[in-house]
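Asker: With the UniProt record's numbering, the residue at position 323 of the sequence shown is 323, and numbering never jumps.
Source of the hints: derived by calculation from the structure; they are not laboratory data.
Some hints could be false.
[Claimed, not checked] Now the in silico label distances, taken between C-beta atoms and shown as ranges:
#	residue 1	residue 2	range
1	Ala441	Lys398	44 to 54 angstroms
2	Pro76	Asp219	19 to 29 angstroms
3	Glu211	Arg364	45 to 55 angstroms
4	Glu84	Asp42	21 to 31 angstroms
Beta carbons: idealized from backbone N, C-alpha and C, even for Gly.
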Amino acid sequence: MTEQMQSFKGAHAIVLGGGIAGLATAGTLTRHFAEVTLIERDRYPDRADVRQHTPHGAHVHILLAGGLVTLSRLIPELASWLDEMGRDEADLTHHTRVAYEGRWLPRARSGVPIRPCTRAEVEQLLLRNVRRHASIRVLDGSTVQSLVGDGRITGVKFTREGVSDVLSADLVVDAMGRGTPSRRWLEAAGLSAVEELTVDAGVVYASAWFEPPKGIDDDWVALATLPAIPREPHMGVAIRFGPDRMLCSAIGYGSPRPPRTIDEMAHRMEALCVPHLARLVRASKATSDVVVYANTQNRWRRWGRLPRFPDGLVIIGDAVCSLNPRYGQGMTVASLGAERLDRELDAHFARHGNLTGFSHRFQRSLEAVLAVPWQIALMEDRSWVSVLSGAAPSPLSKLVLAGSQRVLQTAFSDIDTYIRFMRLAHLLDAPTRMLAPRTLARIARGGHRAGEPEAPSIGLA
């Protein structure tokens, strides 16, 4: 065995699914395995575009600041690649403008970096990273049929161009997303039924591309309104990608009938708490049809809580925990999962010298990564479920909702509270940062009653 082979933890790893989680994971695994095979059912397009099995990619996505920082650790060249694409760095609380209950939250420099980019663009950059590694083989246009192994997972059976084949591996990573069949496969093989938590607030997206009007004299990158429980179940988002491209989404809770035309989208925007997004859509030139997406429920399969889990397999990304995209956490959580896999492989191998027992250890460790994003998503979604069903919210839900509303009200006039809140929402800081005595005192006072923040300009009279 060569010295180079001795530095690896195994000869071969297979990643099932080539979305954000799968691509980020495949690149990471080159540090640990001599060869990596990525199996993806779609054919990758030559340029950033929405794939057949990623319909949510047609809608507004946000690479949270926490995700940008994490991916930049995994791929140091990412910043320069984004520069090449013209996705310049922006400031989270200066270039993103948010309205709540008819008022715009303040504009301030936080020093927190963001990059406006579509999900397809992030995927294309991750694919660029994968393809520069000679040790990674990409088998797109392939369908996974089953896992292989008895007790321990030793590989996969798949079909490509009508031909079935079996690949063996030291580790198989399931990154096949919300629809993964792993639960069915594992339970059929005798594994205990996994606990599955589901919260569905009936969020529906309707999105379209526009050419914004000329002469916008404001440097905002994104405009958004927040829903307000229980009165306002709708929100809108507009993100600019340079001077000539803008993606807009109308988003609603409670499974509303979505707008299907540009005029219907503008009409839906007119019901928002501020008029700016409706005026912007009316003044812009539509460059696409309206597309709709409604598979937005929160679902967490608690693989880490099982008494046993088969060696040779780990499950990651949306295949474990899929979150309501309204909170923009999906790409970031996928990145955090890939980074945790990287760290846990090093830690486990340093202690044991092999991969025995690693799979169960990783699934338990991943639970800690998912806990905060899950609670952020459910903080509102549980309340919406209660409101929309007519049921009374629990005392805990009432307390959490009152606290979050108090934070938002304080944020209108207290920049420090606003920045701390946004850092939490962008998965940069733990929730405990909001419990600092100084911050709690400001929230208790409700801010310092400053004047109203200035509304963003959209270049229209």
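Asker: Hint by hint, which ones does this structure get wrong, listed from lowest number up?
Answerer: Violated hint (a single one): 1; every other hint is consistent with the structure.
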